[in-house]
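Colleague: I would like the entire structure built from these sequences, with the hints used as guidance.
Sequential numbering from 1 applies to the sequence shown in our numbering.
Keep in mind that the hints were calculated from the coordinates and are not lab data. Predicted model, so just to flag it, every value in this text is computed and none were measured. There may be inaccurate statements among the hints.
To be verified - Here are the simulated lysine-lysine pairs, DSSO-like style, with alpha carbons at most 30 Å apart:
hint, residue 1, residue 2
1, LYS7, LYS24
2, LYS262, LYS196
3, LYS142, LYS188
4, LYS378, LYS402
5, LYS51, LYS32
6, LYS435, LYS402
7, LYS51, LYS131
What the hints assert, rightly or not - Here are the computed distance ranges between Cβ atoms for each label pair:
hint, residue 1, residue 2, range
8, ALA359, LEU218, 47 to 53 Å
9, GLU221, HIS78, 20 to 26 Å
10, PHE622, VAL519, 17 to 23 Å
11, GLU463, VAL351, 28 to 34 Å
12, GLY391, ALA505, 31 to 37 Å
13, GLY243, ARG73, 27 to 33 Å
14, ILE112, HIS78, 23 to 29 Å
Virtual Cβ for every residue (Gly too), placed ideally from N, Cα, C.
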Amino acid sequence: MPEANTKTILLVEDEVLISMAERKSLEGYGYKVLEASSGEAALDLLAGGAKVDLVLMDIDLGRGIDGTETAERILEGHELPIVFLSSHIEREIVEKTEGISSYGYVVKNSSITVLDASIKMSFKLFEANQKIRADSRAIREKHQLLENVLEHFPGSVFWKDRNSVYLGCNTAEARASGAASPSEVIGKTDRELGWKDHDAEFYRSTDRQVMESGKPLLHHEYSYHEGGKLVWVDACKLPLMDGNGQLAGVFGVAVDITDRKKTEEELHESAERIGLLLDSTAEGIYGLDMEGNCTYCNRSCLNLLGYRDSEELIGKNMHWQIHGRHADGSHFPVEDCRIFQAFSQGVGAHVDNEVFWRADGSSFSAEYWSYPQFREGKAVGAVVTFMDITGRKAMEDALAAKSAELDRYFTTALDLLCIASTEGRFLRVNQEWEKVLGYTLPELMGASFLDLVHPDDLAATLEALSVLESQREVLSFENRYRRKDGSYRWIEWRSRPEGDRIYAAARDVTDRKLAEEEVAALLREKEIVLREVHHRIKNNMNTIVSLLSLQAMSMKDAAAREALEDASRRVRSMKVLYERIYQSPIFGSMSIRDYLGSLAEGIIADFPNRGIVALSMEVEDFPLESRILLPLGIMVNELLTNAMKYAFLGRSTGRILVTASLEGTQVRLGIEDDGVGIPEGVDFGASGGFGLMLVRELTRQLQGTIRLERGQGTKVELVFGA
Numbered sequence: 001m002p003e004a005n006t007k008t009i010l011l012v013e014d015e016v017l018i019s020m021a022e023r024k025s026l027e028g029y030g031y032k033v034l035e036a037s038s039g040e041a042a043l044d045l046l047a048g049g050a051k052v053d054l055v056l057m058d059i060d061l062g063r064g065i066d067g068t069e070t071a072e073r074i075l076e077g078h079e080l081p082i083v084f085l086s087s088h089i090e091r092e093i094v095e096k097t098e099g100i101s102s103y104g105y106v107v108k109n110s111s112i113t114v115l116d117a118s119i120k121m122s123f124k125l126f127e128a129n130q131k132i133r134a135d136s137r138a139i140r141e142k143h144q145l146l147e148n149v150l151e152h153f154p155g156s157v158f159w160k161d162r163n164s165v166y167l168g169c170n171t172a173e174a175r176a177s178g179a180a181s182p183s184e185v186i187g188k189t190d191r192e193l194g195w196k197d198h199d200a201e202f203y204r205s206t207d208r209q210v211m212e213s214g215k216p217l218l219h220h221e222y223s224y225h226e227g228g229k230l231v232w233v234d235a236c237k238l239p240l241m242d243g244n245g246q247l248a249g250v251f252g253v254a255v256d257i258t259d260r261k262k263t264e265e266e267l268h269e270s271a272e273r274i275g276l277l278l279d280s281t282a283e284g285i286y287g288l289d290m291e292g293n294c295t296y297c298n299r300s301c302l303n304l305l306g307y308r309d310s311e312e313l314i315g316k317n318m319h320w321q322i323h324g325r326h327a328d329g330s331h332f333p334v335e336d337c338r339i340f341q342a343f344s345q346g347v348g349a350h351v352d353n354e355v356f357w358r359a360d361g362s363s364f365s366a367e368y369w370s371y372p373q374f375r376e377g378k379a380v381g382a383v384v385t386f387m388d389i390t391g392r393k394a395m396e397d398a399l400a401a402k403s404a405e406l407d408r409y410f411t412t413a414l415d416l417l418c419i420a421s422t423e424g425r426f427l428r429v430n431q432e433w434e435k436v437l438g439y440t441l442p443e444l445m446g447a448s449f450l451d452l453v454h455p456d457d458l459a460a461t462l463e464a465l466s467v468l469e470s471q472r473e474v475l476s477f478e479n480r481y482r483r484k485d486g487s488y489r490w491i492e493w494r495s496r497p498e499g500d501r502i503y504a505a506a507r508d509v510t511d512r513k514l515a516e517e518e519v520a521a522l523l524r525e526k527e528i529v530l531r532e533v534h535h536r537i538k539n540n541m542n543t544i545v546s547l548l549s550l551q552a553m554s555m556k557d558a559a560a561r562e563a564l565e566d567a568s569r570r571v572r573s574m575k576v577l578y579e580r581i582y583q584s585p586i587f588g589s590m591s592i593r594d595y596l597g598s599l600a601e602g603i604i605a606d607f608p609n610r611g612i613v614a615l616s617m618e619v620e621d622f623p624l625e626s627r628i629l630l631p632l633g634i635m636v637n638e639l640l641t642n643a644m645k646y647a648f649l650g651r652s653t654g655r656i657l658v659t660a661s662l663e664g665t666q667v668r669l670g671i672e673d674d675g676v677g678i679p680e681g682v683d684f685g686a687s688g689g690f691g692l693m694l695v696r697e698l699t700r701q702l703q704g705t706i707r708l709e710r711g712q713g714t715k716v717e718l719v720f721g722a
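Modeller: Set out below in structure tokens:
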């Protein structure tokens, strides 16, 4: 029995009995065997991740794909040795398999010894091929790496023989010399390339210097002009030796450092500008080394400390020079100094409650910032910036006193005072809030005041908050706030915004609101009573009009009937005034246009000849008091009644014009018709009936004048004070 072998073999054989026999023979030689009865099954096994070291492949595999196609598919995705195990011995079939795999071809029914030897030989060939592939791949990678290094080197790379003839170079060197590619450079000297004569001679002389001395020429900087542009180069050359250690030529690299040179110049200029900038700042600035000694100081530092020249401070220990005593003159240990801690512990510091000492021995309140400086991760010192804040300290003390005064006002005010954010949170509240809402100050500080607002007032509160966010004041606003016991209190606000802060003064107006609600309820009751009184008065006046009308209809005497009808119309005119006065938004007065329009239409509509009379109104809109409108209404009733009774007798058409205007403080009222005209003997004097007498007396009551015009009709004009 051969020595045990742990290799796994995939046996691809469609004949079950043959497969079983071959498997047992192979297992007898220590192999682990996986079986596949078709090419498809073999591919599925490998696709499923089966670990296989070698494939024994039959060529004829029944209905599916044959062994050669199966082998080709396996090799597309796997690197495995494949040995063909077949009954075929035809030359063309054997040669076909060699084109697929070169690891062996074994005829079926060969002894297990032959098969085992073929398998072992296949493993050795496979391992050898794998090593060759790996070595070839490594050589290719190294070659590719060298090419990449040469092509991506940030400059030119070249090598020459002992006569300064180019043996090779990278693309950068070729293009720098005027050639399109390295192949155009190989075999030429610098003179034969695109360099100027003096440049070519310079390169040749440095080649000779390196080869004759046998020593490298490192970081040799030189410049030349190319297309009007100054180009700076940093070049290194060293002797090139052959395999026997003999001089073979020169190897060189050159890097364009034009940008670096430009950067160095810019850095130098920048350093000068920074120095000027530092000297122009109002703050004092000085630098420290790790011993606390001054390495730099600007002009403001000297001025603030009372020194004339930087040499008076450079190299001096700044702690003992300007910082070694407290304001009271007592010793200030360096270990306690925050500036010292900045570079000794690598932490920054900002201090505004210490003093610096001037050259003349006086001190001043100083605010300073001290930050460590690092180089390659290691602290190398610190930079200190400082300013004299004596004036600011005095202002801060004054502000502190004023703030204390405001705090006393804030805590003793009887009104509700608060500072809130535009996000809806209390930032500060005074003691009165505890009394009004029942919450403690800690409970209110930082709380959302929107959570305390009555739900019915929330929308209006949010709208007011939006106004404040837009930096507009809200000087009169009321809403309800929930107390800790669940009840609500009415709060009246005056608020002013300042950025994202709201400054507000408020007061509890719950008692006032309750009183207002009580007054409103009383007013509503009064309105109900007045509405009922109005209804009763209106009904009574309607009753009077109805009684007069009924009485008139029952009268046999025409004069009596007419007198009653006139009285009814007079009462109706007063009823119109009453209704209009009641509906007027201004108590005790109403628009003369509204009143006269309704009155005139109502009077004319009461006559049987109303259909032939056209009424025109040219009345301005201005208010008059009821004390004027009442007599005025009676007068208009009398004048329109006379016109309707007498002006259009025997006529088929007629027109009445009512005018009214306000001229300064005088009211001018006119009633004009185009009727038959009033008789000559009738006027507003002593003669006339009851109606004209009534008009005359009411004119006297209004302290006005009345004028009668006769012509084509009748016009009456009344003038009185408004």
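Colleague: Run every hint past the structure and note whether it holds.
Modeller: Outcome of the hint check:
no. : hint                           : result
1   : LYS7 with LYS24                : 15 Å, holds
2   : LYS262 with LYS196             : 24 Å, holds
3   : LYS142 with LYS188             : 28 Å, holds
4   : LYS378 with LYS402             : 47 Å, violated
5   : LYS51 with LYS32               : 11 Å, holds
6   : LYS435 with LYS402             : 27 Å, holds
7   : LYS51 with LYS131              : 21 Å, holds
8   : ALA359 with LEU218: 47 to 53 Å : 50 Å, holds
9   : GLU221 with HIS78: 20 to 26 Å  : 58 Å, violated
10  : PHE622 with VAL519: 17 to 23 Å : 33 Å, violated
11  : GLU463 with VAL351: 28 to 34 Å : 48 Å, violated
12  : GLY391 with ALA505: 31 to 37 Å : 34 Å, holds
13  : GLY243 with ARG73: 27 to 33 Å  : 49 Å, violated
14  : ILE112 with HIS78: 23 to 29 Å  : 26 Å, holds
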